[in-house]
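Heads up: the protein sequence lines correspond to chains A and B, in order.
Read in our numbering, the first sequence has 35 at position 35, and its numbers run on one by one without any break.
Read in our numbering, the second sequence has 104 at position 104, and its numbers run on one by one without any break.
No lab work stands behind these hints: they were computed from the structure.
As the structure is a computational prediction, the values presented were derived from the model and not from experiment.
Don't take every hint at face value.
Pair ranges (Cβ atoms, derived) [said to hold, decoys possible]:
no.	chain 1	residue 1	chain 2	residue 2	range
1	B	Leu-84	A	Arg-31	25 to 35 Å
2	A	Pro-131	B	Leu-84	35 to 45 Å
3	B	Leu-84	A	Asp-325	18 to 28 Å
Even glycine gets a Cβ: it sits at the ideal position worked out from N, Cα and C.
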Amino acid sequence: MLRALLSELRYRLRAVFRRGPLERDLDEELRFHLEREAEKLRREGVGEAEAMRRARVALGGVEATKEADRDARGVAAFDALLRDVRYAWRGLRARPGFAAAVVLTLALGIGGTTAVFSAVDAVLLKPLPYPSPGQLVRIYAASVKHRTEEMVSTPVHFLAYRGAAPALQSIAALNTYSETGADIGSGDGVRRIRTLEVSADYFDVLRVHPVLGRAFERAEEHGPNSDMAVGAPVVVLSHRLWEEQFHGDPGAVGRTLSMSGVPFTVVGVMPAGFGDPLTGRGVEAWVPLSLTTGLDMSNIQNHWLSLIGRLRPGATPSEAQAELDVATERLTAPYPDSRDDRTYVVPLKPDVVGSAARALELMLGAVALVLLLACVNVAGLQLVRASERAGEFAVRTALGAGRRRLVRQLLTESFLLAALGAVAGLAVARLGMAALLALGASSVPRLAGLRLDGTVLAFAVAVAVASAVVFGLAPAWRAARTEAAEVLRGTGRAGTGDARSGWLRSALVTSQVALAFVLLAGAGILLASFRAVASMPLGFRSEGTLTFQLHLPEARYDSLARARFWEEFDRRVGAIPGVTAAGGVSWLPATGAYHTWGVEARTGPLAGTRQAWAQADNRIVTPDYFRAAGIGVLEGRPFDASDVMEVPDRVVISEALAKRLFPGADPLGQQVYTGGRTGTVVGVVSDVAVDVEGDLVPYVYHAHAQWAGDRNWPLFDVVSTAGDPEALVPAVRAVLAGMDPLLVMDHPAPLAAVVGRGTAQRRFTLVLLVTFAATALILAVLGIVGVLSYVVRLRSQEFGIRMALGASPAEVLGAVLRHGAVVIGSGIAVGLLGAVALSRVIASMVFHVSPLDPRALVGATVLIGVAGGLAALLPAGRAARVDPRSVLE
Amino acid sequence: MGQEGLDLPQGTLDLLILKALSLGPMHGWAVSERLHQVSQATLQVPQGSLYPALHRLERRGWVAARWGASENNRRAKFYELTRLGRRQLEAEAENWRQLTAAVALVLRMA
Numbered sequence: 001m002l003r004a005l006l007s008e009l010r011y012r013l014r015a016v017f018r019r020g021p022l023e024r025d026l027d028e029e030l031r032f033h034l035e036r037e038a039e040k041l042r043r044e045g046v047g048e049a050e051a052m053r054r055a056r057v058a059l060g061g062v063e064a065t066k067e068a069d070r071d072a073r074g075v076a077a078f079d080a081l082l083r084d085v086r087y088a089w090r091g092l093r094a095r096p097g098f099a100a101a102v103v104l105t106l107a108l109g110i111g112g113t114t115a116v117f118s119a120v121d122a123v124l125l126k127p128l129p130y131p132s133p134g135q136l137v138r139i140y141a142a143s144v145k146h147r148t149e150e151m152v153s154t155p156v157h158f159l160a161y162r163g164a165a166p167a168l169q170s171i172a173a174l175n176t177y178s179e180t181g182a183d184i185g186s187g188d189g190v191r192r193i194r195t196l197e198v199s200a201d202y203f204d205v206l207r208v209h210p211v212l213g214r215a216f217e218r219a220e221e222h223g224p225n226s227d228m229a230v231g232a233p234v235v236v237l238s239h240r241l242w243e244e245q246f247h248g249d250p251g252a253v254g255r256t257l258s259m260s261g262v263p264f265t266v267v268g269v270m271p272a273g274f275g276d277p278l279t280g281r282g283v284e285a286w287v288p289l290s291l292t293t294g295l296d297m298s299n300i301q302n303h304w305l306s307l308i309g310r311l312r313p314g315a316t317p318s319e320a321q322a323e324l325d326v327a328t329e330r331l332t333a334p335y336p337d338s339r340d341d342r343t344y345v346v347p348l349k350p351d352v353v354g355s356a357a358r359a360l361e362l363m364l365g366a367v368a369l370v371l372l373l374a375c376v377n378v379a380g381l382q383l384v385r386a387s388e389r390a391g392e393f394a395v396r397t398a399l400g401a402g403r404r405r406l407v408r409q410l411l412t413e414s415f416l417l418a419a420l421g422a423v424a425g426l427a428v429a430r431l432g433m434a435a436l437l438a439l440g441a442s443s444v445p446r447l448a449g450l451r452l453d454g455t456v457l458a459f460a461v462a463v464a465v466a467s468a469v470v471f472g473l474a475p476a477w478r479a480a481r482t483e484a485a486e487v488l489r490g491t492g493r494a495g496t497g498d499a500r501s502g503w504l505r506s507a508l509v510t511s512q513v514a515l516a517f518v519l520l521a522g523a524g525i526l527l528a529s530f531r532a533v534a535s536m537p538l539g540f541r542s543e544g545t546l547t548f549q550l551h552l553p554e555a556r557y558d559s560l561a562r563a564r565f566w567e568e569f570d571r572r573v574g575a576i577p578g579v580t581a582a583g584g585v586s587w588l589p590a591t592g593a594y595h596t597w598g599v600e601a602r603t604g605p606l607a608g609t610r611q612a613w614a615q616a617d618n619r620i621v622t623p624d625y626f627r628a629a630g631i632g633v634l635e636g637r638p639f640d641a642s643d644v645m646e647v648p649d650r651v652v653i654s655e656a657l658a659k660r661l662f663p664g665a666d667p668l669g670q671q672v673y674t675g676g677r678t679g680t681v682v683g684v685v686s687d688v689a690v691d692v693e694g695d696l697v698p699y700v701y702h703a704h705a706q707w708a709g710d711r712n713w714p715l716f717d718v719v720s721t722a723g724d725p726e727a728l729v730p731a732v733r734a735v736l737a738g739m740d741p742l743l744v745m746d747h748p749a750p751l752a753a754v755v756g757r758g759t760a761q762r763r764f765t766l767v768l769l770v771t772f773a774a775t776a777l778i779l780a781v782l783g784i785v786g787v788l789s790y791v792v793r794l795r796s797q798e799f800g801i802r803m804a805l806g807a808s809p810a811e812v813l814g815a816v817l818r819h820g821a822v823v824i825g826s827g828i829a830v831g832l833l834g835a836v837a838l839s840r841v842i843a844s845m846v847f848h849v850s851p852l853d854p855r856a857l858v859g860a861t862v863l864i865g866v867a868g869g870l871a872a873l874l875p876a877g878r879a880a881r882v883d884p885r886s887v888l889e
Numbered sequence: 001m002g003q004e005g006l007d008l009p010q011g012t013l014d015l016l017i018l019k020a021l022s023l024g025p026m027h028g029w030a031v032s033e034r035l036h037q038v039s040q041a042t043l044q045v046p047q048g049s050l051y052p053a054l055h056r057l058e059r060r061g062w063v064a065a066r067w068g069a070s071e072n073n074r075r076a077k078f079y080e081l082t083r084l085g086r087r088q089l090e091a092e093a094e095n096w097r098q099l100t101a102a103v104a105l106v107l108r109m110a
């Protein structure tokens, strides 16, 4: 059955689109037949001319045969369709205003939907770019007691997990935690690249293998000397780095690449476009993670390792989680501190997409509303047009056109409009996608993969066809119910002004107003939230502050040299004219949580109780950091030159942590345990936001000089100035060159810009939503104008009579405006209900304001009221100008 | 149409064409000749209906057409039964047998 249908379809398409060749085929086929027939007759003794004539007669006339054949090929139906389309086209050309309004409405609806759908498709729907991406999971550690945040894991856990969970095919660890990197090149070409430390199974988990050479082996997880951060000195290059450093030479495998002065042997090259799922495409080289158990590695409470895994086909994350929990229990049994440790296994993709998902879902909702509004608008326009054309349809019915034929005609028109709208919509979509990319590429993960592809195209076409059917049916249904005779008799209302269709039209406009209200209110709430967030105090000075990252290569700087370097560097940069202070920090404020470790009060009123524990962000800083970042010292002192490696650890804590761990006691002199070390509190500083939403979290600060031996910390240098921070770059560079010409000043930028990057994602959502709200308002206004114009036209006779009987133009004006007010008022009321219903959806995206912010609701009401009122004035004015004579004649 | 022989009842032309083609691929003229000969000249195939019928069968996927060289080495369009067409032929032939048997029965009894 299906095959017969397919064959039929194929044949018909060929018949329509390859008409010429088919006609020529037919000619040739018939000619052959005639010749053979004539030949046969000649052999029977018939004369040349007579034979040909008889052959033609037998065939029954060549042209008649051809015509019959065309019918058989199904060309006739197509001709009728073509006639319909041509007729519809003429009809649209006759009403350019109507056609333009419909096509524009559809273009906005379809284009907006397509553009945003592309974004949602690129970010949310498209699988991760690895084979069988559904099997990829992320493995977190968390404590049952304090499951406030999912934590990364530890090497101890990782080694215990490897091979312990049958539900996992493979599991890999990667150090996304520290901004690991290396300096490569020499002289002026020296450059800092992002490297990633990964366990040997990393490439197996992702199932992407080097195009050249090999991946890592487990033996390479152990380096020649245990104080190196990485395992064996081997490296897998990104495709780009291979092309840059080795000019794409296949012989690169086996050669060495000097990274921060250490020779690494190149063992493999990854395919182009391969990137790390957690840290993105910035990684240029992979090095083996060192799993040699040293002091730091063996600490079961020092969480710094990210784990990913690949599920066995058919296995679920919860199965893997149950198996890993067993392993965790076995592992932590001897350690009372870790007894509450649990594992959480979650699918990787939602984890990677993260917070952008909500923004995009919200946007998809908004765009669906706009599309709905567009369809409603088009339906309204079509209704008005259908009633205008009631006369035309009545005449055609009277002349014998079947209802089916009329319905077909209307549907053809709708489809033609939808097709035009879809084409215009695709143009809008292209523009929209370019705008989306420009706005969001840097803040929305995976958006860079945005392109107009087949899926999106299919989506747009489906939307176009669906709206064509939706709004094509309403007028068709009306036309089918129109009584021809009644219309032709010209009885008053042209058969369309009945209460029912008036109700339908008003309901359409009411729903438009309601949709526009919801969008406006939503945009208003996000705007209020955005402003509230922007005015949140972050607790530090971001203006007039330069920041850049600096990494000291291990090969030339041991821990003592690193401590000395930073002391000297801060001093020299601080002495640059115009610089107030310069200090280093391991992670900039308001750029997200980092090194969030448990911290325990070992002394004070809570010591020994369950309340003596808190989670805090840890930062390694140089003494002048607090002054450079404008963070106030409330009690005690900041770090100074006396806090060196030789003396017991000292810490500076934030006010929030002091209140939490030492309530009612003097925090100075107390002992806290964090990161595997115990330190004495020497100072309390003011609170600092951990993200751009202004969330204040507890902080523990450690002196770099004391922690330089813990690991090789790349620090962000923070340089404050009274002037333009970027103007400082050359001077700072000169200082750096004076100390070590091989060092790289990585990504210098004003601190305000670095922090502002976090707000970009919300700004992206906001701009889109405001655009949608504005579109919605325009569509609603168009709808109001349309419906009231129609009302005025229908009632112009009534108005004329009223005015003839003494009604003033003002009274007529009032009557139309009242109609408008009812429609707009009920629209706002419905919209208010919608906004309340949707407030829960938007709540997770709104900070520091209520998801039903009264200012936003009032603002939306006023905006729609004013715009709607102005829109109503236009047709109302026309009604007031009705000349009684013209109507009564 | 037919100067001699019997006119074809409605709908039987398709069946006859399918049957003729069941012997192997042939061009339109050969189909018409074949039907004429096999029916011992009793059936007059309306040649004007032959080509529309062939193209209708092609549209339905029961026969496939391709251009080839005729027996006198001229370009001609050859038709051949598809698997679908073969099944259709069996079904229609069976229908025909039942119909004629029933009609014959009625003619004898009534």
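Against the structure, the hints come out as follows:
no. : hint                               : in the structure
1   : B:Leu-84 <-> A:Arg-31: 25 to 35 Å  : 29 Å, holds
2   : A:Pro-131 <-> B:Leu-84: 35 to 45 Å : 40 Å, holds
3   : B:Leu-84 <-> A:Asp-325: 18 to 28 Å : 59 Å, violated
Figure legend: structure checked against the earlier numbered hints; the only hint not met is number 3.
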